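Participant: Letter by letter, the chains look like this.
Number of protein chains: 2
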Amino acid sequence: MIERLSTLFVRTLREDPGDAEVASHRLLVRAGYIRRQAPGIFAWLPLGLRVKRRVEAIVREEMTRVGAQEVSFPGVLPAEMYEASGRLADYGDTMFRLADRKGAELVLAPTHEEAFTLLVKDLYSSYKDLPLTIFQIQDKYRDEARPRAGLLRGREFTMKDAYSFDIDDAGLDESYGAQRDAYERIFRRLGLEYVIVAADAGAMGGSKSEEFLHPTEVGEDTFVVAPSGYAANVERYVSTPGEPIDASGIGAPVVFDSPDTPTIDTLVAHANAVVPRADGAAWTAAHTLKNLVLALTDGAGEREIVVVGVPGDRAADLKRVEVAFGGREAEPATDEDFEKLSGLVRGYIGPWSADGPVLGADGSSGVPYYLDASIAEGSAWITGANEHEKHVHSLVLGRDFTPDGRVEAAEVLDGDPSPDGSGPIRTARGTEIGHVFQLGRKYAEALGLKVLDQNGKLVTVTMGSYGVGVTRNLALVAEASHDERGLVWPEAVAPFDVQVVATGKGAEPFELGERLANEFDAAGFEVLFDDRVKVSPGVKFGDAELIGVPWIVIAGKESADGRVEVWDRRTGERTPLPADEALAFVRANRRG
Amino acid sequence: MIERLSTLFVRTLREDPGDAEVASHRLLVRAGYIRRQAPGIFAWLPLGLRVKRRVEAIVREEMTRVGAQEVSFPGVLPAEMYEASGRLADYGDTMFRLADRKGAELVLAPTHEEAFTLLVKDLYSSYKDLPLTIFQIQDKYRDEARPRAGLLRGREFTMKDAYSFDIDDAGLDESYGAQRDAYERIFRRLGLEYVIVAADAGAMGGSKSEEFLHPTEVGEDTFVVAPSGYAANVERYVSTPGEPIDASGIGAPVVFDSPDTPTIDTLVAHANAVVPRADGAAWTAAHTLKNLVLALTDGAGEREIVVVGVPGDRAADLKRVEVAFGGREAEPATDEDFEKLSGLVRGYIGPWSADGPVLGADGSSGVPYYLDASIAEGSAWITGANEHEKHVHSLVLGRDFTPDGRVEAAEVLDGDPSPDGSGPIRTARGTEIGHVFQLGRKYAEALGLKVLDQNGKLVTVTMGSYGVGVTRNLALVAEASHDERGLVWPEAVAPFDVQVVATGKGAEPFELGERLANEFDAAGFEVLFDDRVKVSPGVKFGDAELIGVPWIVIAGKESADGRVEVWDRRTGERTPLPADEALAFVRANRRG
Numbered sequence: 001m002i003e004r005l006s007t008l009f010v011r012t013l014r015e016d017p018g019d020a021e022v023a024s025h026r027l028l029v030r031a032g033y034i035r036r037q038a039p040g041i042f043a044w045l046p047l048g049l050r051v052k053r054r055v056e057a058i059v060r061e062e063m064t065r066v067g068a069q070e071v072s073f074p075g076v077l078p079a080e081m082y083e084a085s086g087r088l089a090d091y092g093d094t095m096f097r098l099a100d101r102k103g104a105e106l107v108l109a110p111t112h113e114e115a116f117t118l119l120v121k122d123l124y125s126s127y128k129d130l131p132l133t134i135f136q137i138q139d140k141y142r143d144e145a146r147p148r149a150g151l152l153r154g155r156e157f158t159m160k161d162a163y164s165f166d167i168d169d170a171g172l173d174e175s176y177g178a179q180r181d182a183y184e185r186i187f188r189r190l191g192l193e194y195v196i197v198a199a200d201a202g203a204m205g206g207s208k209s210e211e212f213l214h215p216t217e218v219g220e221d222t223f224v225v226a227p228s229g230y231a232a233n234v235e236r237y238v239s240t241p242g243e244p245i246d247a248s249g250i251g252a253p254v255v256f257d258s259p260d261t262p263t264i265d266t267l268v269a270h271a272n273a274v275v276p277r278a279d280g281a282a283w284t285a286a287h288t289l290k291n292l293v294l295a296l297t298d299g300a301g302e303r304e305i306v307v308v309g310v311p312g313d314r315a316a317d318l319k320r321v322e323v324a325f326g327g328r329e330a331e332p333a334t335d336e337d338f339e340k341l342s343g344l345v346r347g348y349i350g351p352w353s354a355d356g357p358v359l360g361a362d363g364s365s366g367v368p369y370y371l372d373a374s375i376a377e378g379s380a381w382i383t384g385a386n387e388h389e390k391h392v393h394s395l396v397l398g399r400d401f402t403p404d405g406r407v408e409a410a411e412v413l414d415g416d417p418s419p420d421g422s423g424p425i426r427t428a429r430g431t432e433i434g435h436v437f438q439l440g441r442k443y444a445e446a447l448g449l450k451v452l453d454q455n456g457k458l459v460t461v462t463m464g465s466y467g468v469g470v471t472r473n474l475a476l477v478a479e480a481s482h483d484e485r486g487l488v489w490p491e492a493v494a495p496f497d498v499q500v501v502a503t504g505k506g507a508e509p510f511e512l513g514e515r516l517a518n519e520f521d522a523a524g525f526e527v528l529f530d531d532r533v534k535v536s537p538g539v540k541f542g543d544a545e546l547i548g549v550p551w552i553v554i555a556g557k558e559s560a561d562g563r564v565e566v567w568d569r570r571t572g573e574r575t576p577l578p579a580d581e582a583l584a585f586v587r588a589n590r591r592g
Numbered sequence: 001m002i003e004r005l006s007t008l009f010v011r012t013l014r015e016d017p018g019d020a021e022v023a024s025h026r027l028l029v030r031a032g033y034i035r036r037q038a039p040g041i042f043a044w045l046p047l048g049l050r051v052k053r054r055v056e057a058i059v060r061e062e063m064t065r066v067g068a069q070e071v072s073f074p075g076v077l078p079a080e081m082y083e084a085s086g087r088l089a090d091y092g093d094t095m096f097r098l099a100d101r102k103g104a105e106l107v108l109a110p111t112h113e114e115a116f117t118l119l120v121k122d123l124y125s126s127y128k129d130l131p132l133t134i135f136q137i138q139d140k141y142r143d144e145a146r147p148r149a150g151l152l153r154g155r156e157f158t159m160k161d162a163y164s165f166d167i168d169d170a171g172l173d174e175s176y177g178a179q180r181d182a183y184e185r186i187f188r189r190l191g192l193e194y195v196i197v198a199a200d201a202g203a204m205g206g207s208k209s210e211e212f213l214h215p216t217e218v219g220e221d222t223f224v225v226a227p228s229g230y231a232a233n234v235e236r237y238v239s240t241p242g243e244p245i246d247a248s249g250i251g252a253p254v255v256f257d258s259p260d261t262p263t264i265d266t267l268v269a270h271a272n273a274v275v276p277r278a279d280g281a282a283w284t285a286a287h288t289l290k291n292l293v294l295a296l297t298d299g300a301g302e303r304e305i306v307v308v309g310v311p312g313d314r315a316a317d318l319k320r321v322e323v324a325f326g327g328r329e330a331e332p333a334t335d336e337d338f339e340k341l342s343g344l345v346r347g348y349i350g351p352w353s354a355d356g357p358v359l360g361a362d363g364s365s366g367v368p369y370y371l372d373a374s375i376a377e378g379s380a381w382i383t384g385a386n387e388h389e390k391h392v393h394s395l396v397l398g399r400d401f402t403p404d405g406r407v408e409a410a411e412v413l414d415g416d417p418s419p420d421g422s423g424p425i426r427t428a429r430g431t432e433i434g435h436v437f438q439l440g441r442k443y444a445e446a447l448g449l450k451v452l453d454q455n456g457k458l459v460t461v462t463m464g465s466y467g468v469g470v471t472r473n474l475a476l477v478a479e480a481s482h483d484e485r486g487l488v489w490p491e492a493v494a495p496f497d498v499q500v501v502a503t504g505k506g507a508e509p510f511e512l513g514e515r516l517a518n519e520f521d522a523a524g525f526e527v528l529f530d531d532r533v534k535v536s537p538g539v540k541f542g543d544a545e546l547i548g549v550p551w552i553v554i555a556g557k558e559s560a561d562g563r564v565e566v567w568d569r570r571t572g573e574r575t576p577l578p579a580d581e582a583l584a585f586v587r588a589n590r591r592g
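Protein chains in written order, with the working numbering: chain A, 1 to 592; chain B, 1 to 592.
So here's chain A without its partners, still in its complex pose (with noise of 0.2 Å):
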């Protein structure tokens, strides 16, 4: 195949877009791949579409190898099957939703788990119909708050979604490893590196669920990495509980004036001229609790205020505390939701106060309240002590307060323990390139898709669901294979194997070009080939840079002694050679 750039429809433009906040985005639409259509939603090119083309095959190879079955859904369905699931509500403003005209709910499908189950329920009966494994690769819609970085986070993109069924959890382990293994596959030939961590299941529910990561500073996710080479997405970091402490030499707790302290510095500096320590070692933030009023929202939009405490060293990270609540949404409380509470003096918020406890399930204000998981029993704290420009030192938990609870709440730095005792883990930004979930029996019971097994019984069925962004990993490709003048496709996704450029005057170049892109050809090569006439060689040069095929053979000025120049797109390293030796030059040195 030979594409000729005289009537491609491409133009490489100049400038970056405005928009651009990331390489990807910016070269891919510089390039001539994607053309922005609305917020987060593109239109591919024909460059732009072939590597979709080429990342999708590779997908669908990796699939069909661990037998999963293509089948292709609408992007509409009922607004029903998710009512019926409870996503409707967990999705909120994320689902697309639209009325047809005869005013029945549909939407546009986030995610196919409903649809799937739904089918299988239809057509299978029996345990001897199962194992059975799914997938499609299809545009998904999602009505993101913040579509940002062009490709990476989109309000529509392609995804390959697979959906497993198993009559028991060892079949549903074995689905789930053979995807498993098969998004290893896909992410080793597409040349992504990625950790693979335990996850939060989100929105999606079920048991047990581990996402790809693929390391990137545009990354929106924060993991962890321990020595021992366990990770895990930073939502899924499991603190060290403090050693308990013998809290018997520490006197009541003392309440103190702090006025003009607004921050945890001033407070720690107020408190060590004030009631410094009975051991002349300084107060520092560590001996702080913060305290935040926080409002939960469940799907449903049910709203429950509660107060967490963090060590006053440490921001509390929201996200986590969104996992603690199981996936409820976590705000800071409002000024309505405080006029709705009693008993909270804001700025001087704890536990405790001179009359007795105030937070948690003995205390005066009712408001429920929870600690930090990191923190040790009988650990002493300054804190509010729910009086105006009044704080209290001592306090002391176990003692002095007892919580409702413990939470993941405080950000995870760089040296806190691993979870498996191996050592200090640091943390690293990524970005999701794949996601694998046992669901288990959640949307099957919902939707009640039960098979007779062997001895003639009912039972519900188990299932996995799996997702890879087409899209998002084509860009996450172009992110990692780039340099400061264009792409850099590895040979596996490029759009184009080789790139012939014919320049310079007379027929020569241009006869030479066409030789040679009938020689690739006819090699099964694909081909661009640059026959542009009345367009100068740095021009020629430029666009072949920035499009980023792998090889570019130039038919240049030597055209008339049969000499061409083979450009290696990766490494700058141009090789004089014969016209006749480029086939063999480029087919020696190619890495895929």
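FYI, nobody ran anything at the bench for these hints, they're computed from the structure. If a hint is listed, it holds; no wrong ones were tucked in.
Result set (EDC-like, lysine to aspartate or glutamate): computed pairs, CA atoms no more than 16 Å apart in a straight line:
no.: 1; chain 1: B; residue 1: K128; chain 2: A; residue 2: D531
no.: 2; chain 1: B; residue 1: K102; chain 2: A; residue 2: E144
no.: 3; chain 1: B; residue 1: K102; chain 2: A; residue 2: D93
no.: 4; chain 1: B; residue 1: K534; chain 2: A; residue 2: D129
no.: 5; chain 1: A; residue 1: K128; chain 2: B; residue 2: D531
no.: 6; chain 1: B; residue 1: K505; chain 2: B; residue 2: D531
no.: 7; chain 1: A; residue 1: K102; chain 2: B; residue 2: D93
no.: 8; chain 1: B; residue 1: K208; chain 2: B; residue 2: D168
no.: 9; chain 1: B; residue 1: K319; chain 2: B; residue 2: E411
no.: 10; chain 1: A; residue 1: K102; chain 2: B; residue 2: E144
no.: 11; chain 1: B; residue 1: K319; chain 2: B; residue 2: D221
no.: 12; chain 1: A; residue 1: K208; chain 2: A; residue 2: D168
no.: 13; chain 1: B; residue 1: K540; chain 2: B; residue 2: E565
no.: 14; chain 1: B; residue 1: K450; chain 2: B; residue 2: D122
no.: 15; chain 1: A; residue 1: K534; chain 2: B; residue 2: D129
no.: 16; chain 1: A; residue 1: K319; chain 2: A; residue 2: E331
no.: 17; chain 1: A; residue 1: K319; chain 2: A; residue 2: E411
no.: 18; chain 1: A; residue 1: K319; chain 2: A; residue 2: E329
no.: 19; chain 1: A; residue 1: K128; chain 2: A; residue 2: D453
no.: 20; chain 1: B; residue 1: K319; chain 2: B; residue 2: D298
Predicted model only: the values in this text are computed from it and were never measured.
We have chain A; now place chain B onto it with these hints.
Facilitator: Chain B in isolation, oriented as in the chain A frame:
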């Protein structure tokens, strides 16, 4: 590629689905190709997806052959661009609409003229960039009032839509011709009979348009064919006006009592009884003039009341009326409409009364009047006299009454004259399988797509748009090619090239089947292998006939002797053969 029926995700059904009106719908569901998700919305199972891919591949090849380049647009687009082109109003309820979380209005694109126009405007600026034809194969959405017949009129369907961009009319003619040729090749390869008819451009706008109709009893369209081969959509049929008649011998109009004449038949009988013709011949329905009070509604919802007169021996064809009135929707006036009219006596409406003209420019009612185009000047009519229980005869067109204009309003019947004078036409049912439009400058003007011409002058680009319904064509292939036992796929689009059926006692049939499956696979055939154990030969053969793979190789009773039967699904012929000859036999007898 070998797929095994023991694991293939398919369930053949004994019963027809309750909602299936046509054979393709019935059989595609029963044989496990598709499954309904909502009215007019289907999921594609593995068998169906395979056929769909093959149809798409044919379309893609023929597009590429004529130089069209593939792109891919989102299904969700901003409503704004459809507002700019006027199509938001034109499509009305047929366009699915939604809003995002920020209230931005979006649509599910019914076709993509606007987005393609804007993309070319965005990237191209010179005549040197043209001509350009770009296409996509993509899922479209239309909220049909009456989705029907399975895939034949769905609310979600896959379509190939192509758009051409040219600097001048000659270029458009060429681009249009190339697409038209490609369409002829596509339908020939699909084995779908077609006629090309002059068509109404409908909501698409533009100047010239032709429709590819596939003649079929399940079609929704009627078209006419002349002895010369000329064919037209019935909406575009142009009637031949009768020769002007010398009415000088006809006396003045005569009003007569006409109680109890609710129908044309009763009116004619009554007229023959009370006001016999002077020449002794009988009045017939052809002497009466029916006046229909119609409400015309445009895209903006503007409603106009008009009266349309057609000969009493013909029904009015409201689809033809709609085209005649520039695509406005036509429906019988409602009681509410009538309340607003004055001077028209319902049941006795005519253009004239004893007091003078009633309808048309000079009429006392002020209601516009249009007459069917076939009616001859000077013809005399029996029609309503605008008085309760009174009609008039000898009312002469041009002498006693004058319409505001002529329209194509009467139904078209077999035997009507062909517009090209080649003799009587015949009418037939068909379904649109492709449509080519010369849009001209309508969209380019509305959206400002101009490029510099050779003289450096900005000129508006001229466009064409070209659509083929992939899923509808697939259904029509099934419709045209089945028998009472199941589908009979032509080689070009069959889900598999050959089906190997192992059946019988012992291991031999299964071992031989396995060997044959591998042999066909190695020879490049796509193989479906019925390797199911404990399934009776009857069920296996029934499933094979239902699924409709063109060649079925049966490894049965004589497997131990190395003998098989090759079964031609189309003719039903079974040929016993040594197993070693099966491949050669199928190769020699394939039709594609």
